[in-house]
Amino acid sequence: MDRAKVMPLLKGVLVLAVIALCSGLLLGAFNILTYVDPLQATYEQFAEDTGAAFSEMKDEDGQTFGSGSVVYYAVSDDGQYHAFLASGSGGYGGNVQMYVYIKDSVIENIVIGDNSETFLDRLDEAKFYDNFIGQNVAELDALSVDAVSGATRSSTAVKNAVNAVVQYYNANVAAGGENNG
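Sequential numbering from 356 applies to the sequence shown in this note's numbering.
Hints are computed from structural coordinates only; laboratory data are not their basis. Fair warning: there could be bad hints in the mix.
Unchecked claim - Below, computed lysine to aspartate or glutamate pairings styled on EDC-like, alpha-carbon distance capped at 20 Å:
1) Lys458 x Glu399
2) Lys458 x Asp485
3) Lys458 x Asp432
As the list claims (entries may be wrong) - Restraint-style ranges between C-beta atoms, simulated for each label pair:
4) Glu403 x Arg508: 50 to 56 Å
5) Asp485 x Asp432: 55 to 61 Å
6) Ala396 x Leu365: 43 to 49 Å
7) Gly489 x Gly383: 43 to 49 Å
8) Ala384 x Lys458: 39 to 45 Å
9) Ala396 x Ala493: 25 to 31 Å
10) Ala526 x Gly383: 38 to 44 Å
11) Gly434 x Ala375: 22 to 28 Å
Note that the Cβ used here is the ideal one computed from N, Cα and C, for glycine as well.
Using the sequences and the hints, build the whole thing.
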């Protein structure tokens, strides 16, 4: 092979390798600078939403209940709030993460977390979340609510996440389990 043809080819490959290396290093540095610990972010979200202080949070390793799972669980320092980060499957865009707050065995608030759903605004418009607020979870195994027309899969994912919290709460908190605050 002619040396005059190979050298420009090798120079091109070398330049591309240097560009790829520099890009990789810059992306790695950007990731380190912008990384947000999901546990810390959840802790801060709980505190912001309830106004209560949470000093300990447990990673529940995605305990599955039906078609949902409880990802994190925390009890406020005053023992009033039980806060859950739950994930419900069955949504159009995948799983829906949501924060569910229970006070005195009653669902106090629901806040939507990270998700890829496109129809959650329809749930807001239909006041879907109001079906859960005020429900005494200690008296139920699962909440039965009608899906919102046009957002059936999104409402199913939300319902699955709330039901995972209800089942977790009844099995581990209301029953006097180790997580009872």
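Mind listing which of the numbered hints don't hold for this structure, in increasing order?
4, 5 and 11
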